[in-house]
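Peer 1: Respectively, the protein sequence lines represent chains A and B.
Anchor point for the first sequence: position 2 equals 2 in the working numbering, and the numbering is continuous, going up by one each time.
Count along the second sequence from 1, add 1000, and you get the number used in the working numbering.
It is worth saying that the hints were derived from the structure and are not from the lab.
Beta carbons: idealized from backbone N, C-alpha and C, even for Gly.
Take the hints with a grain of salt, since some may be wrong.
Stated by the list, open to error - Selected chain A positions facing chain B (in silico; Cβ < 8 Å):
# : residue
1 : 39
2 : 40
3 : 42
4 : 77
5 : 87
6 : 102
What the hints assert, rightly or not - Keeping only pairs whose Cα atoms sit at most 25 Å apart, straight-line, the calculated DSS-like set for lysine-lysine is:
#  : chain 1 : residue 1 : chain 2 : residue 2
7  : A       : 60        : B       : 1057
8  : A       : 104       : A       : 60
9  : A       : 49        : A       : 60
10 : A       : 68        : A       : 104
11 : A       : 49        : B       : 1013
12 : A       : 60        : A       : 77
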Amino acid sequence: GDSVTQMEGPVTLSEEAFLTINCTYTATGYPSLFWYVQYPGEGLQLLLKATKADDKGSNKGFEATYRKETTSFHLEKGSVQVSDSAVYFCALRAFGDDKIIFGKGTRLHILP
Amino acid sequence: KAGVTQTPRYLIKTRGQQVTLSCSPISGHRSVSWYQQTPGQGLQFLFEYFSETQRNKGNFPGRFSGRQFSNSRSEMNVSTLELGDSALYLCASSLVFGAGENTDTQYFGPGTRLTVL
C-alpha cells in the first residue's frame, strides 16, 4: 500500500542553520504531497503542498520539490529560527482518495 | 473565517465507557475526516464523511464509528473504551471530496485529547 517514510528525529540545529528533512514515498499513480507542521499543543497546519511532478511548494521560507524520479519530497529551509521548533509531517494523498497518509513525523529543535 | 473546531479539547474516561467527540468544519466545507494520533502509531486515518455519507474508512475496529449531519458537523463515537484508545483525535475538513490537483486541502482542528484510565 501507499506509505511515507521520513527521517527520524529529533533534529537539533542552531538558529540560522540550514535545514533538510528527508521524505520519500511509495504510491501508485500521481499522489499529491504535503508537509504539515504541528506546534506544541496544537493541531496540524498545512505548511506547503505540491500536486504534480517537479512542482515546488513553498511557504514561510520552507521549500520542497516533488521529485517523481526519486519519489521524494524533501523539506528545506535556508535559515531556521527558534520559532520553527515543531514536529513536521510529510504526507501524501493518492489520486482519487481523500484520506491522507502521514509519515511518522520529525521533531525539530532549534537552539538560540 | 473560523477554523475547524473540536469539542471537548480534553476528556478522561475509564475502560469500558463510551465517548462521543464533535467536530465543526470550516463554513462551506462538506468533507470531514478523522485521524487518531498516538506516539507509537503516529497519525492514522479513521474515516471520512462527505454529504452525510461515509466515503472512506481506515483499518480500525467497529468500536469506532462516526456520522455527519446535514450542516456538515461530524461526530465520532468510540464504544467499550480500551487503554490503547488514549490518543489525540484530529478532525480535518476540506471543501471538496475527490481527485485532481485542484482538490482542496484538508484543514485540521486542534484535536481532542482522550485519556482512558
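Peer 1: Compare the structure with each hint and give your call.
Peer 2: Outcome of the hint check:
Look at residue 39 of chain A: its Cβ only gets to about 10 Å from chain B, farther than 8 Å, so that hint breaks. With a least beta-carbon distance of about 12 Å to chain B, the hint placing residue 40 of chain A at the interface is violated under the 8 Å criterion. Interface hint status for residue 42 of chain A: upheld, as the beta-carbon distance to the closest one in chain B is roughly 6 Å, under 8 Å. For residue 77 of chain A, the interface hint is violated, the least distance from its beta-carbon to any beta-carbon of chain B being 20 Å, above 8 Å.
The beta carbon of residue 87 of chain A comes no nearer than 10 Å to any beta carbon in chain B, farther than 8 Å, and the hint placing it at the interface is violated. The closest approach between the C-beta of residue 102 of chain A and any C-beta of chain B is roughly 4 Å, which is under the 8 Å cut-off, so the hint is satisfied. For the proposed pair residue 60 of chain A and residue 1057 of chain B, the alpha carbon gap of about 34 Å is over 25 Å, so the pair is violated. Straight-line distance between C-alpha atoms of residue 104 of chain A and residue 60 of chain A comes to about 22 Å, which keeps the hinted pair within the 25 Å bound.
Between residue 49 of chain A and residue 60 of chain A the CA atoms are separated by roughly 13 Å; this keeps the pair inside 25 Å, and the hint holds. The straight-line distance between the Cα atoms of residue 68 of chain A and residue 104 of chain A is roughly 21 Å, inside the 25 Å bound, and the hint therefore holds. Restraint check for residue 49 of chain A and residue 1013 of chain B: the C-alpha separation of about 37 Å exceeds 25 Å, so the hint is violated. Taking the CA atoms of residue 60 of chain A and residue 77 of chain A, the gap is near 9 Å; set against the 25 Å cutoff, the hint holds.
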